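Just so you know, the protein sequences line up as chains A and B, in that order.
Note that my numbering has the first sequence beginning at 1289, numbered continuously upward.
Note that my numbering has the second sequence beginning at 7, numbered continuously upward.
The set of hints was computed from the structure by calculation and includes no laboratory data.
Owing to the predicted nature of the structure, the values given are computational and were not obtained by experimental measurement.
Some clues are possibly wrong.
Claimed, not checked - Listed next, the in silico SDA-like pairs over lysine to any residue satisfying Cα-Cα at most 25 Å (straight line):
1) A:Lys1431 / B:Ser83
2) B:Lys68 / A:Lys1459
3) A:Lys1600 / A:Pro1727
4) B:Lys68 / A:Pro1727
5) A:Lys1459 / A:Asp1304
6) B:Lys72 / A:Asp1613
7) A:Lys1603 / B:Ser83
8) A:Lys1600 / B:Glu84
9) A:Lys1675 / A:Ile1649
10) A:Lys1421 / B:Gly58
11) A:Lys1699 / A:Pro1727
12) A:Lys1421 / B:Ile63
13) A:Lys1600 / B:Met7
14) B:Lys136 / B:Asn69
15) A:Lys1603 / B:Tyr34
16) B:Lys72 / A:Val1409
17) A:Lys1355 / A:Asn1369
18) A:Lys1675 / A:Arg1471
19) A:Lys1581 / B:Asp60
20) A:Lys1600 / B:Asp60
21) A:Lys1519 / A:Gln1640
22) A:Lys1308 / A:Ala1330
23) B:Lys72 / A:Pro1412
24) B:Lys72 / A:Arg1471
25) A:Lys1421 / B:Ser83
26) A:Lys1587 / A:Arg1485
27) B:Lys78 / B:Ile63
28) A:Lys1469 / B:Ser83
29) A:Lys1469 / B:Val119
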Amino acid sequence: MELLSGAEMVVRFLRDEGVKYIYGYPGGALLNIYDALFKEKAITHILVRHEQAATHMADGYARATGKPGVVLVTSGPGATNAVTGIATAYMDSIPMVIISGQVPSTMVGTDAFQETDMIGVSRPIVKHSFMVKTPTEIPEILKKAFYLAQSGRPGPVVVDIPKDMTNLGEKYEYVYPKKVKLRSYSPATRGHAGQIRKAAEMLLAAKRPIVYSGGGVILGGASAQLTELAKTLNLPVTNTLMGLGAYPGSDRQFLGMPGMHGSYTANLTMHHADVILAVGARFDDRVVNGPAKFCPNAKVIHIDIDPASISKTIKADVPIVGPVDSVLTEMLSILKELGAKPNEALSAWWKQIDEWRGDRILFPYDRGDGSIIKPQTVIETLYEVTKGDAYIASDVGQHQMFAAQYYKFDKPNRWLNSGGLGTMGFGFPAAMGVKLNFPDATVACVTGEGSIQMNIQEMSTCLQYDLPVKIISLNNGALGMVRQWQDMVYNSRYSHSYMESLPDFVKLAEAYGHVGLRVRELKDLKPVMEEAFALKDRLVFLDIAVDPSEHVYPMQIRDGAMRDMWLSKTERT
Amino acid sequence: MRHIISLLLENEPGALSRVVGLFSQRNYNIESLTVAPTEDPTLSRLTLTTVGQDEMIEQITKNLNKLVEVVKLVDLSESSHIEREILLIKVKATGAQRAEIKRTTDIFRGQIVDVTSNVYVIQLVGTADKLDSFIQAIGPTSVLEVVRSGITGISRGDKVLSI
Chain A
1289 MELLSGAEMV VRFLRDEGVK YIYGYPGGAL LNIYDALFKE KAITHILVRH EQAATHMADG
1349 YARATGKPGV VLVTSGPGAT NAVTGIATAY MDSIPMVIIS GQVPSTMVGT DAFQETDMIG
1409 VSRPIVKHSF MVKTPTEIPE ILKKAFYLAQ SGRPGPVVVD IPKDMTNLGE KYEYVYPKKV
1469 KLRSYSPATR GHAGQIRKAA EMLLAAKRPI VYSGGGVILG GASAQLTELA KTLNLPVTNT
1529 LMGLGAYPGS DRQFLGMPGM HGSYTANLTM HHADVILAVG ARFDDRVVNG PAKFCPNAKV
1589 IHIDIDPASI SKTIKADVPI VGPVDSVLTE MLSILKELGA KPNEALSAWW KQIDEWRGDR
1649 ILFPYDRGDG SIIKPQTVIE TLYEVTKGDA YIASDVGQHQ MFAAQYYKFD KPNRWLNSGG
1709 LGTMGFGFPA AMGVKLNFPD ATVACVTGEG SIQMNIQEMS TCLQYDLPVK IISLNNGALG
1769 MVRQWQDMVY NSRYSHSYME SLPDFVKLAE AYGHVGLRVR ELKDLKPVME EAFALKDRLV
1829 FLDIAVDPSE HVYPMQIRDG AMRDMWLSKT ERT
Chain B
7 MRHIISLLLE NEPGALSRVV GLFSQRNYNI ESLTVAPTED PTLSRLTLTT VGQDEMIEQI
67 TKNLNKLVEV VKLVDLSESS HIEREILLIK VKATGAQRAE IKRTTDIFRG QIVDVTSNVY
127 VIQLVGTADK LDSFIQAIGP TSVLEVVRSG ITGISRGDKV LSI
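With the rest of the complex left out, here is chain A (with noise of 0.2 Å):
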């Protein structure tokens, strides 16, 4: 049996659970801890410049892999500083682990040096959270959390633990636990067999059906068994914000994303819809638009592992309850089982999606005379370069939008962006996290002018630890979303979405030691996008100027059905 302090036990437990990188900042009460992870070789720390971005990369990564990203954050400030991180994982049900120190336990409560009730600020955006009350059962509660953090409908969980816990001189047994037990949390491992057979004949009865797939299909990796099921059955998808890439975004029978900024093909297929198979979707404000409205000859069949999702927005005529993978492997032997094929009525019903659809790119945009480089471009053109097999994570605004709409992602994991919180400041720690632990993938960054600034910091870690991602820069001078609210609903009052005194980034690159590249005019960018990527071992900082004036579309029309929607500045459906 080993002897190890609380702070020994952290560290020694993060190895034992097979942690590699873990993203933090150190302080006051996590100096025993700190000193702890000096001496473990098999950890590397990376130290951020600010904690948020702590917990985007640890987010970054666990969205590329699956796994749980562990972020180290001091008391007080430090914890409140990675909250908008830990929301913004929250919201869209990535798992991590968040270690918070804290003020001695015989200080809490007292106003110390840097305390904060950090269980209490968190607990709204936590799967859940622990706090450590006596060093012994450290391995325990860690365990727990990272159990947490990964299973069910994943999260993040925090860990706050008093500086006292951890004193050096302070030695107990230890024994990493290898399975923990909950006795109040059973998610469900399977969906009901029943709901699950009936679900399927009604898909093969379907006339008009649709697969409509979210992040939870690429959470519950179950990418391959949604792809073979529309395959089988000859059924047009549309994946969420959350879950492009889930199935192939160049196959035909994709159709783009649905809601807001939705393609018309997908938001008019949706709306005519008879039966529609959500998988780890959760009927987000943005996807269904006026829910009284939405799709009003639609049957629901609803897959998810969280039982509050469903019927949340959207009532569920045939709810299931459980892990994606699973339901749907059990659906497809039903399927072969049945001898499924396509449903004949399904010609007519493609003819009339490939009516809507046209001859035309799933996303049609004026592409102007030339003279200005129109930001759909820039990511048409960053498709081309990077042959779509890049890992592309994205900041929050139109720059987003249009990644979403026009970088095909054919794999799941590529595409990273934050969906649920909409938090500016996500897209470049992402993208390190996962260039960290992907060092030899193509990572970039899609971003805009307002939003790189929120975490713009991250430059000095990315020269710290080598981490060349490429910041594609979508500069436009404005706040273009905020901007184009302000066009299209208060008259171009554009109240404060300017950017003004903006900062020189191609020398603001060049000062942090990376590269910056600066394009104005359209015949640049595609040779200058390919030199920033030819720059494999570079971190590239692409200033792009694009169309200040451009707006994203469609645009749904607030309170109306799925089809309702602005295609273009004077045309609508």
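Once you have looked at the hints, place chain B on chain A.
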């Protein structure tokens, strides 16, 4: 419709705050709430009453069940059950009022548990409706102070909420 939701909760610090937090966070109502440890010291029994449409109650029970510390949950109002609440009420009791209040208390099968020359403290156990009626019967001019425990309840028959 009013629902009485009863749960077994891990008897741990912070568990109660998660239950209460859920209600404010998701904009649900809590009308009353009582909580105390059970015969098993690792568990607390929490009873709360809430009002809402069926869809909202369904979301409330689902989200409560999602809390890691909630071990078991039952919506008592879905089947036959017994509900009780305790009322302690301090009333002015002088002159002719004294006898009148005593009579009303007897009719409601309450007990006078403290007496001074001017004041009675009355204890009454029953459903929330019964307590409401009693307070009304006493009349607002006599009432000095009202304390209610919040509703607690148990299902009738063989059904048991335990682990």
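These are the hints, each one checked on the structure:
1. A:Lys1431 / B:Ser83: The given pair, whose Cα atoms are some 38 Å apart, is violated under the 25 Å limit.
2. B:Lys68 / A:Lys1459: violated, 42 Å
3. A:Lys1600 / A:Pro1727: The hint is violated at about 41 Å.
4. B:Lys68 / A:Pro1727: violated, 42 Å
5. A:Lys1459 / A:Asp1304: holds, 18 Å
6. B:Lys72 / A:Asp1613: Holds, at about 21 Å.
7. A:Lys1603 / B:Ser83: holds, 23 Å
8. A:Lys1600 / B:Glu84: Status holds; Cα separation ~20 Å.
9. A:Lys1675 / A:Ile1649: holds, 18 Å
10. A:Lys1421 / B:Gly58: Violated, because 38 Å separates the two Cα atoms, which is more than 25 Å.
11. A:Lys1699 / A:Pro1727: This hinted pair holds, its Cα atoms lying about 18 Å apart.
12. A:Lys1421 / B:Ile63: The given pair, whose Cα atoms are some 35 Å apart, is violated under the 25 Å limit.
13. A:Lys1600 / B:Met7: holds, 19 Å
14. B:Lys136 / B:Asn69: violated, 31 Å
15. A:Lys1603 / B:Tyr34: Between A:Lys1603 and B:Tyr34 the Cα gap is close to 19 Å, so the pair holds against 25 Å.
16. B:Lys72 / A:Val1409: Holds, because 19 Å separates the two Cα atoms, which is no more than 25 Å.
17. A:Lys1355 / A:Asn1369: Given that 25 Å is the threshold and the Cα spacing comes to 23 Å, the pair holds.
18. A:Lys1675 / A:Arg1471: Not OK: A:Lys1675 and A:Arg1471 at ~49 Å, beyond 25 Å, violated.
19. A:Lys1581 / B:Asp60: Cα-Cα ~21 Å, so holds.
20. A:Lys1600 / B:Asp60: Holds, at about 12 Å.
21. A:Lys1519 / A:Gln1640: holds, 19 Å
22. A:Lys1308 / A:Ala1330: Judged against 25 Å, a Cα distance of about 7 Å means the pair holds.
23. B:Lys72 / A:Pro1412: holds, 13 Å
24. B:Lys72 / A:Arg1471: Within the cut-off at roughly 13 Å; holds.
25. A:Lys1421 / B:Ser83: Judged against 25 Å, a Cα distance of about 38 Å means the pair is violated.
26. A:Lys1587 / A:Arg1485: This hinted pair holds, its Cα atoms lying about 15 Å apart.
27. B:Lys78 / B:Ile63: holds, 16 Å
28. A:Lys1469 / B:Ser83: With Cα atoms ~32 Å apart, A:Lys1469 and B:Ser83 exceed 25 Å; violated.
29. A:Lys1469 / B:Val119: violated, 48 Å
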